[in-house]
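Protein chains: 4
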Amino acid sequence: MVNTPTTHRFTPTRWHNVLGSAPAELEIESGDTIITETIDASGCDRLGVKRSSPPNPVNGPIHVRGAEPGDALRVDILDIRPNRDTGWTRTPVMPHLVDAVRADEFLPREMVTWTVDPVAMTARLATPVAGLERLHLPLVPMIGCFGVAPDLGQAISTGTSAAHGGNMDYRGFTAGCSVSFPVGVAGALFFLGDCHAVQGDGEIVGNGIEIGCEVTVRLTVEKHRKLLWPRGETAEDIFCVGNARPLDQALQHATTDMLLRLDEEYGLDRKAASHLMGQVVRYDIGNVVDPAYTLVCRVSKKWLPQRIET
Amino acid sequence: MVNTPTTHRFTPTRWHNVLGSAPAELEIESGDTIITETIDASGCDRLGVKRSSPPNPVNGPIHVRGAEPGDALRVDILDIRPNRDTGWTRTPVMPHLVDAVRADEFLPREMVTWTVDPVAMTARLATPVAGLERLHLPLVPMIGCFGVAPDLGQAISTGTSAAHGGNMDYRGFTAGCSVSFPVGVAGALFFLGDCHAVQGDGEIVGNGIEIGCEVTVRLTVEKHRKLLWPRGETAEDIFCVGNARPLDQALQHATTDMLLRLDEEYGLDRKAASHLMGQVVRYDIGNVVDPAYTLVCRVSKKWLPQRIET
Amino acid sequence: MVNTPTTHRFTPTRWHNVLGSAPAELEIESGDTIITETIDASGCDRLGVKRSSPPNPVNGPIHVRGAEPGDALRVDILDIRPNRDTGWTRTPVMPHLVDAVRADEFLPREMVTWTVDPVAMTARLATPVAGLERLHLPLVPMIGCFGVAPDLGQAISTGTSAAHGGNMDYRGFTAGCSVSFPVGVAGALFFLGDCHAVQGDGEIVGNGIEIGCEVTVRLTVEKHRKLLWPRGETAEDIFCVGNARPLDQALQHATTDMLLRLDEEYGLDRKAASHLMGQVVRYDIGNVVDPAYTLVCRVSKKWLPQRIET
Amino acid sequence: MVNTPTTHRFTPTRWHNVLGSAPAELEIESGDTIITETIDASGCDRLGVKRSSPPNPVNGPIHVRGAEPGDALRVDILDIRPNRDTGWTRTPVMPHLVDAVRADEFLPREMVTWTVDPVAMTARLATPVAGLERLHLPLVPMIGCFGVAPDLGQAISTGTSAAHGGNMDYRGFTAGCSVSFPVGVAGALFFLGDCHAVQGDGEIVGNGIEIGCEVTVRLTVEKHRKLLWPRGETAEDIFCVGNARPLDQALQHATTDMLLRLDEEYGLDRKAASHLMGQVVRYDIGNVVDPAYTLVCRVSKKWLPQRIET
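Chains as they are written, first to last, in this note's numbering: chain H, 180 to 489; chain W, 180 to 489; chain L, 180 to 489; chain G, 180 to 489.
No lab work stands behind these hints, which were simulated from the structure alone. Remember, it's a predicted structure, so these values are computed and weren't measured experimentally. Check each hint, because a few of them may be wrong.
The list treats identical chains as one, so a pair stands whether inside a single copy or across any two.
No farther apart than 20 Å at their CA atoms in a straight line, the calculated lysine to aspartate or glutamate pairs in the EDC-like style are these [stated by the list, open to error]: (1) K450 / E289; (2) K481 / E312; (3) K480 / D255; (4) K481 / E412; (5) K450 / D278; (6) K450 / E284; (7) K480 / E312; (8) K405 / D278; (9) K402 / D255; (10) K481 / D416; (11) K450 / E312.
Only chain H is shown next, with the shape it has when bound in the complex:
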């Protein structure tokens, strides 16, 4: 007997600041779809009411039946749309990303509001700023923080990320993308939050345009897909994610995992994978502001041989 996939509307009443083994708020079958509204990184909902505290309160956990350590949890991001008409960022670029500043260049951290048009799917600064009067950014809504409970009883802050996912703040985690996480505990315990209306590489001001969203994801257990790090794909690419400081190490994790993946899933040994990656690999920088940075290693599907059926 096969279950017919169900769509659940999940409306949380409390939120979490860690990804860990909290009691499940919802229990679903593998293959089910969730529609849920996130609150923003500061804990404010669509009406601006403070519902939880920073950092990055997340919805969940959702227990997916049948998920066991050694499996992966695949998250298909089906839709993300802002649920309100303002978002916010901070300024300036984080000091650790800037060569030693002069005191007179040192700016206090300040919050700024963006007016978001969820229909036209654009954002502009709510208060005009000299030189940016005509800036209308197209929205590319994305999930900042999602993943599963880590193993060994760990409970990891939503302010950072690791092998289990977490606060990766990568602008590529948008509708049409799917990401698989290594399951650490029975039921996987999925969490989700911290959406951004749009974000540059690196999240270098410490934020994307922070906003609540209605997010639709499908959660599927991939049995025995032993993952070390999150792996994903889009229509064009496969990708592997490394979360660590510094960037060199995040790059090392993501590159290694792509070498392993090309072998496991496409039958390319280390030498063949090196030939290919050397000339076609692409790296995207997720965040460079959290305790762990995020670096994504991508390879276009057009260069790959047939995927090995497993």
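Keeping the supplied structure of chain H fixed, place chains W, L and G upon it in accordance with the hints.
Coordinates of chains W, L and G only, in the frame set by chain H:
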């Protein structure tokens, strides 16, 4: 009186392994164009004859009249085309980019030949490799190593890079791109070499497809354009280049220089530049294999206000 | 009324692989002393019986009455002595600490036994190794992993460290040293384990001589001592601890905290503290093998003015 | 015939800001001794007269007959003594070593004078600073910048360091220490300058107490001692030096070279060397302010077997 720009065909008979204050091989006016053939990273010319030694022998130096410290030398890359029908790479992915390997995964460094079609502008492995039998890569020829003599009597290896340019191995240095370097000595002393038929991000096998090319560049002195780091542009983007280890520091240099540039050239103060960069910045990883890594910070021109005339 | 400090013998029956908000196994008054035996990093007790699992099972938590977030928990290490006559290490030096190896230099991870004499306080390799036949190392027993429960519901693996302490693997955490940790939750919840009979800088083989110990510590609440990072002292020095990757960042945290400390506790402003630290600071490298590295910034008390009474 | 070693008094009239292949100012035999006075990092001599420009003008080059690439040049530091009664440092601690500062903590770079007593061998701040009124630092004079000309025609700034030596700013380079550098060119071309009266680890304010010194060194060619990095020894220790950014990489170079050295010079294979280093290695941090950082890996001679005669 204004000089009519001249096109020079420059055919070197000796090459350099450092960018430094060697006697000029050619002296030109600002605005002149150079057509020159490069030899490959190992020192072999279009006929496979060894003409010089590694690392990355470069053509030059070219003295550009009127260039003084405090000026910049703008290099417009007008054309790059392979001048032979084979190139080479090495395998595997460099060990420092891979998580601690098992001994049985450790592969010796090996050279592999690619057949290059300079008309169809494609490359394929000369000897078939399992899983990559159908791989035909479109060429995107690029300059691996170029720049000017550094100041203070330094002579910096063509195996690395710094503020003066050098071996940046960034796949974006291709036809249509222009790059400006901070002039360190009178005449600028421009060098050029180490072209690749195509290359992935990071140059993670230590090579692009190494090949000789015929390269056409225009060299123009930009008076009093006090640069700290190389800056450039394409039709779509402006970009700033940071060369340093580790990636975090290269990113810091490139990000800082973009903040400065948005202020100097577009009138966006630190706060406005932060608003913009936070949501639209793009980072490209040049090389992660040389003593200095290369990271490029890009902003699309479509988000920028009118450039300030200077 | 002042409580007379009590000495508690704490004999755990279960162990933890995270520092987090587990139910207290013992509740004590501030100023009380604990005597407890630790098991080794692999979970084996003094009789070689496996009692728990890696990584680094720790005793605790111990609730210290009156400790609140904003306070510090001071841990005076009064005594550490091995409770058995063998310890173990692994070999070789971790691959990420060695420049790209040749395959024939790549050694599998192997465990080696050391014979420990807890009376003479020396260790030697149990099986002779060519060139090290006469090596008798004096023991300097130390605590590898200790600290308090972090805030925000986090539960952090005993395989790593952060502001709350954890697996710092610093050879200076030995008898006579005291360390204060920032309290994250009510009662502080102190944990302790992973003792080493002796260890070099960096813990570069991934271990000190791993052994169980009888450890005596006094735990004292320091009210309102708002700490960002662990701080400690010995008879000679004061020190500040930074836990992060890479070393540069751990050094940054420890250096900053020392600047703050010299101001808060000794009245040296940033300029005076810079004069002093520039010429007398010492850095010790704790571990360079865990996800967070540990770097210790020391200043000799002989250079310091009178401590400010608070 | 064996030459009787000669002592040369070398009084330079010009100085260099790079280590490179400049014409020799003095030519000596292997085993000869040099006595020379250095000027300070800013170029001022014992009388305060500006003789050269920053960064770190060095005396030399000295050509040592018989030195060839593949050899090492051993430098025995026989004596260093300040030649004047004032030195200087800058303040504050360099911003890149401090966690993101608040604007009100941001101090401008300032120079401060120290009164040096070359007889009592102490230094104190020339102008009293609150809290440091009684600070009298014992002098431990050291060489900040020394080494040989690099190979391949490179000329490397005295502001940084690499395999050839250079501006390492390690407080251990003091009288009684000897250091061997890999010879890059015929004659070795030795340079020396930038002495400090005393310095803390890391040179974290960007300076030791900058001063001119009379330095006595003996220079000896070690034939066929193929070095990758500087290696040295004191009465107690042998040590290996890594120069690179970030600290992790400098540590990697120094650690690898110690593993190689224990094999080559003491017959300890990788496994035995790991057993030993794991429990006894010491790391010292040289500078963390120059483009390349310096990290020194030390092993006490008391743990080592008999040195292999070569």
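Item checked: Hints that the structure is at odds with (numbers, increasing) -> Hint check: nothing fails, all pass.
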